[in-house]
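Chains as they are written, first to last, in numbering that gives the first Met the number 0: chain A, 0 to 225; chain B, 0 to 196.
One thing to keep in mind: the hints can contain errors.
In silico BS3-like cross-links for lysine-lysine, where the CA-CA straight-line distance does not exceed 30 Å [stated by the list, open to error]:
| id | chain 1 | residue 1 | chain 2 | residue 2 |
| --- | --- | --- | --- | --- |
| 1 | A | 63 | B | 196 |
| 2 | A | 51 | B | 44 |
| 3 | B | 89 | A | 63 |
| 4 | A | 215 | B | 97 |
| 5 | A | 137 | A | 205 |
Honestly, the hints are just simulated from the structure, not real lab data.
In this text, all values refer to a predicted model and were calculated from it rather than measured experimentally.
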Amino acid sequence: MKSYTFCLLFILLFMVACAADPQLRLPEMTAAEERQGKDACADVFPQKNGGKWQFVHSIDFTMKDGSGTTVVGVTTLDKNDIECALVTVEGLTLFEAAFRHDKSFEIRRAIPPFDKPEFAKGLINDIRAIFQPPQGTKMQTGQLAGAASVCRYIEVDGSVVDVLPDIDGCLQIKSYNPDLILERSITGRSCREIGSSPIPDYIELKTFGRTGYTLKMTLISIDNFK
Amino acid sequence: MKLKFLIVTLLLFLFVPVCFGRTAAPEPVALQSIQADFIQEKHLKILVRPIISTGTFIFQAPQSLRWEYRTPVPSILLMHGGRVKKFIEKDSLLVEDKGMGLDSMQVVLGEISNWLDGRFSDNDMFSVSFPDKSTVLLTPKEQALAGMISKIELKLADRKGLLDEVIIFEGPDSYTKMIFKNRALNKEIPVSVFTDK
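From just these sequences and the hints, can you work out the full model?
Written as structure tokens, this is what we have:
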């Protein structure tokens, strides 16, 4: 009897451990007509409107253990080229770099601890995830449970990006790894229309896993110029 | 750690001109306290327009400081009785920034004591020169600091020893300008200003 109880308990624990949080798994999508919702998803990324774009945000960075800091972030988009800078509240430039469409990049200034290559790589991944359309070779449109419209971009390696162009009056972008587990979520709030693009006054970016962190970005200024 | 030390050091330079002990510098006013509003302009080559910040600072001799940004990111730096604290707004609340290098702050407080005694030219961090009557130029001595700041220009006001502007140059196209207004000298300031957010 004792061994039977032990086995049951073991199986139960095993099942609990193996069941990933359903919120973190790629949700089912009901496919829609070919073109439906495609334009709304493209509009999420402001460069569709042409010209250069510059965003200045206050960025509250928090690690999983609660540590973090607040800086001011500058992002300039020019087609597929990106320039960015991080500045302290007091005005000292911590990091400045240019990332080009051909994947080359130039670090113009990097003060420790922002001088590590991993930092630049992580930063550009986050910026591209927020501001540039996914590079997925295959795209499907459809609806998630709850009737939210979604564009699903599927990469060659099997990773997936879901773009939700109209949810709670703003937008969401969710990236899943090839195992279809959520890696990064971007939630925009208080969107306003500029051109055809919904521009969030507030963005929350979360990454998951062991080294997860959260960026809370509040828009300070935005410019669209030639 | 060094970065936060530098930021606070730069903030403290605001009080430097009131305590020059050099003949080339203006004759100092007797300083008990000073408070002012400031506008901070951050210029970068990539910026379409500068980032504008506003706030106030209050200093009381010998070592009390409240440096407060109101916009765009509310934050407060407090120094009093050898203790340094920084608060920054998160989720609409001012919370303590635990990342401050408090041991470095002790070094800065030692520096400011020297300046208040008129021994500014003894500073180990910067070489001091006076290109004209209204300008003081500070150039980093240490290579590590020079990698962050190329020079600092202090523009003096008509009134002896008071500052109009501070310009902190990082490189040819990157600098921070602080412009001071509504200065008030030697007013009585309650201690709570330097201890409470």
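Tested hints:
With a C-alpha separation of about 26 Å, the suggested pair residue 63 of chain A and residue 196 of chain B falls inside the 30 Å cut-off, and the hint holds. Proximity of residue 51 of chain A to residue 44 of chain B is assessed by CA-CA distance (about 15 Å); at most 30 Å being required, the pair is judged to hold. Of the pairs offered as hints, the one joining residue 89 of chain B and residue 63 of chain A holds, with about 16 Å between alpha carbons and a cut-off of 30 Å not exceeded. This hinted pair checks out: residue 215 of chain A and residue 97 of chain B have alpha carbons roughly 18 Å apart, not beyond 30 Å.
Taken as a hint, the residue 137 of chain A and residue 205 of chain A pair is honoured in the structure, with Cα atoms around 25 Å apart against an allowance of 30 Å.
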